[in-house]
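Participant: Chains as they are written, first to last, in this note's numbering: chain A, 27 to 407; chain B, 38 to 290.
If you're looking for bench data, these hints aren't it; they were derived computationally from the structure.
Mixed in with the good hints, there may be bad ones.
Said to hold, decoys possible - Pair ranges (Cβ atoms, derived):
hint	chain 1	residue 1	chain 2	residue 2	range
1	B	N241	A	R406	41 to 47 Å
2	B	E170	A	E306	42 to 48 Å
3	A	G283	B	G54	31 to 37 Å
4	A	Q309	B	E68	46 to 52 Å
5	A	L53	B	A118	35 to 41 Å
6	B	R114	A	L56	36 to 42 Å
7	A	L322	B	D245	36 to 42 Å
8	A	V294	B	R45	24 to 30 Å
9	A	V294	B	L239	32 to 38 Å
Said to hold, decoys possible - No farther apart than 25 Å at their CA atoms in a straight line, the calculated lysine-lysine pairs in the PhoX-like style are these:
hint	chain 1	residue 1	chain 2	residue 2
10	B	K216	B	K140
11	B	K216	A	K321
12	A	K48	B	K140
13	B	K140	B	K175
14	B	K175	B	K216
15	A	K152	A	K395
16	A	K321	A	K395
17	B	K175	A	K48
As the list claims (entries may be wrong) - Here are a few chain B residues that sit away from chain A, every Cβ distance over 10 Å (derived from the structure):
hint	residue
18	D94
19	D113
20	K121
21	E141
22	P146
23	D223
Every residue gets a Cβ at the ideal spot worked out from N, C-alpha and C, and that includes glycine.
Listed here are the chains, written in short residue letters.
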Amino acid sequence: MGWLRRRFPALLMARRNIGRTKVRSVLAALGIVIGVIAIASLGMFGLTLRYQLSQNLGDIGNQVMVMPADSEGAPDTLSERDLRQIESVAGSGATVAPAVQRFTTVSYGRGVSETRAVMGIDQPSKLFEARDGSIPDPYRSGALIGPNLADQRDLGPGDTIAVNGSTVRVVAVLSPSQGFGFTDPSNQIVLPTRSFDTRGYDTITVTETDSTAANATAMAIRAQLNERRERVTVRDFSSVADQIGQSFQALNLFLIGIGSISLLVAGVSILNVMLMSTVERRQEIGVLRAVGFQKLDVLKIMLSEAVLLGIIGGLVGAGFSIVAGLVLNHFVVGDATLVLRPGNFLYIGLAFAFGVGTSLLSGLYPAWKAANERPVEALRS
Amino acid sequence: MAVIETRRVVKRYRTGGETLEALKGIDFAVEPGEFVSIMGPSGSGKTTLLNLLGLLDDPSEGEVLLDGEDVTGLTDREQTAARKRTIGFVFQNFYLIPTLTAKENVEVPALFDHDSTVERRSVDLLERMGLGERLDHKPDELSGGQKQRVAIARSLINEPRVLLADEPTGNLDRDTGRKILEEFVDITERDVAVIAVTHDELVNDYVDRTVRLVDGLMGEDAPATGRTPDPTPSPDADVPGPTDDGLTGSDRP
Chain A
27 MGWLRRRFPA LLMARRNIGR TKVRSVLAAL GIVIGVIAIA SLGMFGLTLR
77 YQLSQNLGDI GNQVMVMPAD SEGAPDTLSE RDLRQIESVA GSGATVAPAV
127 QRFTTVSYGR GVSETRAVMG IDQPSKLFEA RDGSIPDPYR SGALIGPNLA
177 DQRDLGPGDT IAVNGSTVRV VAVLSPSQGF GFTDPSNQIV LPTRSFDTRG
227 YDTITVTETD STAANATAMA IRAQLNERRE RVTVRDFSSV ADQIGQSFQA
277 LNLFLIGIGS ISLLVAGVSI LNVMLMSTVE RRQEIGVLRA VGFQKLDVLK
327 IMLSEAVLLG IIGGLVGAGF SIVAGLVLNH FVVGDATLVL RPGNFLYIGL
377 AFAFGVGTSL LSGLYPAWKA ANERPVEALR S
Chain B
38 MAVIETRRVV KRYRTGGETL EALKGIDFAV EPGEFVSIMG PSGSGKTTLL
88 NLLGLLDDPS EGEVLLDGED VTGLTDREQT AARKRTIGFV FQNFYLIPTL
138 TAKENVEVPA LFDHDSTVER RSVDLLERMG LGERLDHKPD ELSGGQKQRV
188 AIARSLINEP RVLLADEPTG NLDRDTGRKI LEEFVDITER DVAVIAVTHD
238 ELVNDYVDRT VRLVDGLMGE DAPATGRTPD PTPSPDADVP GPTDDGLTGS
288 DRP
């Protein structure tokens with residue numbers, strides 16, 4: 027404290043002056059506290075929402091789906107050659123899953139039947155995981171069914187269904203999707219490819235490690251396969267992922283904007299307090315000028331006072347924000363310790379800096395006014 | 038050589054459409070170690086003169102010399118620096134800062150100097166003023182006389198050459214007033230000039246000389262003697278100086 031006082035003598039006067047009108051100072055600092063909490067917790071709220079959503083979406087948009095093109099003269103299936111080309115352009119960490127799709131009659135016993143899509147795939151573990159039972163490897167027989175369908179029809183491993191007249195035993199129920207991709211497992215019926223009397227594939231799904239890689243692979247596939255003519259349609263999620271990211275950015279900015287309004291109000295209240303203080307202390311400031319304080323010295327004292335209010339308010343606000351973040355993360359994500367993510371501290375730091383900055387700006391005019399008062403005028407009693 | 042001097046100083050105030058001449062050509066000089074009182078009725082221009090001597094205001098005409106150097110026309114920054122170096126102020130209302138202790142109040146003029154001897158000097162000064170026991174008291178815990186002593190100690194912290202006192206005994210009872218005036222005599226013995234503006238005849242028991250100010254003119258250099266060049270008479274030359282504009286507000290009874 028002694029060091030601080032020697033280093034920043036203006037702080038001594040500022041601290042005592044804040045102590046002089048305690049209630050007023052506390053109220054002014056309270057404005058900053060509220061503003062800082064608002065900015066920090068709204069920022070953290072946005073971040074938490076984003077985190078939670080990206081958890082739900084899994085590795086958002088890391089899949090690329092290749093299908094035969096719609097254009098005239100294009101082949102209506104993808105060939106083995108296409109598959110090899112796609113495998114060669116896909117990244118080393120990627121999985122490539124070719125599949126066929128057919129509409130056919132499925133009956134679930136007791137006379138219940140419907141016409142629906144059935145998927146044929148040789149290595150289903152590339153796209154799906156099992157909830158009940160297990161996915162055989164190699165996959166030569168048996169059906170895999172989606173979790174919603176299984177629950178709806180009350181099916182499980184060991185039950186049988188009839189597909190296109192032939193009876194198939196259910197070997198596994200798939201897990202619900204972790205993220206979102208092109209093949210949603212919930213209502214699938216999956217059979218080995220050999221069950222279908224067909225050549226070529228209807229879709230080839232490439233699963234990359236992340237959306238950036240997926241985007242690159244999609245471009246490479248387009249360049250390679252569609253070089254001479256439009257043979258395939260390539261879909262990826264990169265634009266969707268970008269849009270989601272941008273929406274969150276906008277949402278966060280909007281939330282912080284709302285928080286900033288409360289800081290603006292706090293700034294006005296500090297301005298008011300400081301102006302009152304300069305009017306009340308007019309003679310005192312006159313004396314300081316008379317005993318040899320330069321204008322700049324008076325400015326420093328008044329500004330330190332405003333900044334000190336801001337720092338006190340900001341620190342208290344930051345403390346409360348961490349508590350607010352704990353509560354927020356506890357209820358939204360279910361893990362309070364997630365408040366310790368670096369992004370949250372960025373928002374708390376930002377809010378603190380805004381709080382102190384607001385105080386500084388609000389202090390400028392009163393300080394300038396006090397510093398430029400002529401001592402002769404100020405000393406008239 | 039005079040430590041502080043005014044030459045043919047005129048000060049005019051413009052109030053509304055009228056121009057009031059508060060000082061009408063003052064020649065005044067004080068030697069180091071001299072104790073001078075300036076007396077005069079309300080509105081005679083005493084406080085205006087004190088403000089000019091204290092570099093708080095600029096004259097409309099004439100010069101103010103500090104150690105033989107003309108200080109009129111200096112920038113605010115230079116005037117402030119000169120004031121800090123050479124001049125100490127003592128006010129009728131003490132004007133101590135209520136949030137600071139006696140010791141801190143004395144240190145105030147040197148607050149931004151980063152000078153490690155300030156604290157010791159401040160304690161020395163307060164002990165000299167007999168306030169060794171009151172170092173850490175706030176102003177509201179001190180009596181009027183004690184407050185004025187703290188104010189005097191404050192005015193001496195930067196070792197000024199001149200001490201300007203505006204009604205130094207105005208808010209004190211007679212006994213306390215005497216003690217304060219004795220302090221001033223002590224100070225002049227250390228070669229510091231003291232100029233006191235006052236109503237209080239008691240002050241004259243202690244001073245080396247008294248000058249009287251009437252209607253903006255120095256009594257002993259009255260126009261009748263012909264020594265002062267007559268300033269251009271303004272239409273309201275016969276009207277007493279400004280009384281209600283607050284400039285002479287400290288001339289209260």
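Participant: Starting from B:K140, check that the Cα of B:K175 is at most 25 Å away, please.
Facilitator: OK: B:K140 and B:K175 at ~9 Å, within 25 Å.
Participant: For the pair supplied as a hint, B:K216 and A:K321, confirm whether the alpha-carbon distance does not exceed 25 Å.
Facilitator: violated (35 Å)
Participant: Check the following: the C-beta atoms of A:L53 and B:A118 are separated by a distance inside 35 to 41 Å.
Facilitator: Holds - the Cβ-Cβ distance for A:L53 and B:A118, about 39 Å, lies within 35 to 41 Å.
Participant: Cβ-Cβ distance between B:R114 and A:L56: within 36 to 42 Å?
Facilitator: holds (38 Å)
Participant: Checking one constraint from the list: CA of A:K152 to CA of A:K395, max 25 Å. Satisfied?
Facilitator: Given that 25 Å is the threshold and the Cα spacing comes to 72 Å, the pair is violated.
Participant: Minimum Cβ separation between B:E141 and chain A greater than 10 Å?
Facilitator: The claim breaks: B:E141 does not keep its Cβ more than 10 Å from every Cβ of chain A (closest is about 7 Å).
Participant: Quick one, are B:K216 and B:K140 close enough, alpha carbons at most 25 Å?
Facilitator: Distance of about 20 Å is within 25 Å: holds.
Participant: Given the proposed pairing of B:K175 with B:K216, does the C-alpha separation stay at or below 25 Å?
Facilitator: This hinted pair holds, its Cα atoms lying about 21 Å apart.
Participant: Take a look at whether the Cβ-Cβ distance between B:N241 and A:R406 falls inside 41 to 47 Å.
Facilitator: violated (26 Å)
Participant: According to the definition I'm using, a residue is off the interface if its beta carbon is farther than 10 Å from all beta carbons of the partner; does B:P146 meet that for chain A?
Facilitator: Nearest chain A Cβ is 4 Å from B:P146, so the label is violated.
Participant: If I claimed the Cβ atoms of A:V294 and B:R45 lie 24 to 30 Å apart, would that claim hold in this structure?
Facilitator: Violated, at about 51 Å.
Participant: Would the hint linking A:K48 and B:K140 be met if the CA-CA limit is 25 Å?
Facilitator: holds (23 Å)
The earlier numbered hints that this structure contradicts are 1, 2, 3, 4, 8, 9, 11, 15, 18, 19, 20, 21 and 22.
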